[in-house]
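Undergrad: Sequence:
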Amino acid sequence: KGQAKLDGVDQWGTLNGSERPPYETMLHNIDSVRKIAALRFKKWKLVIGRTYHGRYDRWLGKLSTSRQDYTLDAVRDSAAGRAIQDSAASLPRPPVMLSIRKQASIYCPSPPSEDKSCKPHKAPCLFDIEEDPCELTNLAKSHPQVVRQMKAMLQKYRSVKPHN
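First residue of the sequence shown: 136, per this note's numbering; consecutive thereafter.
Note that these hints are calculated values from the structure, not bench results. Each hint should be verified, as a subset may be incorrect.
As the list claims (entries may be wrong) - Simulated restraints, written as ranges between beta carbons of each label pair:
id	residue 1	residue 2	range
1	Ser-167	Pro-229	30 to 38 Å
2	Pro-268	Ala-209	20 to 28 Å
3	Ser-213	Lys-170	18 to 26 Å
4	Leu-207	Val-295	36 to 44 Å
5	Ser-213	Lys-296	21 to 29 Å
6	Met-288	Ile-241	21 to 29 Å
7	His-256	Val-231	41 to 49 Å
8	Ile-241	Asn-151	38 to 46 Å
9	Gly-148	Lys-286	14 to 22 Å
10	Gly-148	Gln-284	24 to 32 Å
11	His-163	Tyr-242	34 to 42 Å
12	Gln-280	Leu-226	41 to 49 Å
Yeah, the Cβ is synthetic: ideal placement off N, Cα and C, and Gly gets one too.
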């Protein structure tokens with residue numbers, strides 16, 4: 136009694152690192168009108184179609200690291216930091232927090248080669264997110280069975296009518 140009836144799965148064990156994620160699939164987006172979709176399944180990410188007239192379908196350059204807006208005080212005082220402090224857990228010590236941030240940061244070295252780049256308006260793009268988190272190498276041609284499997288998964292998602 137007193138607990139809200141929520142539609143979802145408790146993710147706390149995953150967030151605090153004690154459990155594996157309960158899902159292997161994440162639907163990033165799906166839009167049948169604009170014919171775009173992005174789906175993650177295990178280590179794979181499938182991208183179909185272009186958005187915003189292709190404005191972002193290219194290498195956008197390295198992320199600037201000249202500005203450092205990240206402070207440990209801001210993390211501690213954030214809503215997430217306060218929620219962790221209010222739970223049975225506690226925030227890690229500052230050196231551990233900085234180490235976690237470094238481990239979670241992704242640094243993309245250079246633009247993709249033309250033959251491996253993603254052109255989602257021409258054909259689906261497939262990335263191995265574990266090996267290539269910067270999504271530089273399109274593996275769709277070398278893993279057509281994965282592309283077919285993930286396109287079939289997208290079809291199942293499309294068959295479900297939206298609730299709104």
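Undergrad: Okay, which hints does this one fail, numbers in order?
TA: Going through the list in order, the structure violates hints 1, 3, 5, 8, 9 and 11 and respects the others.
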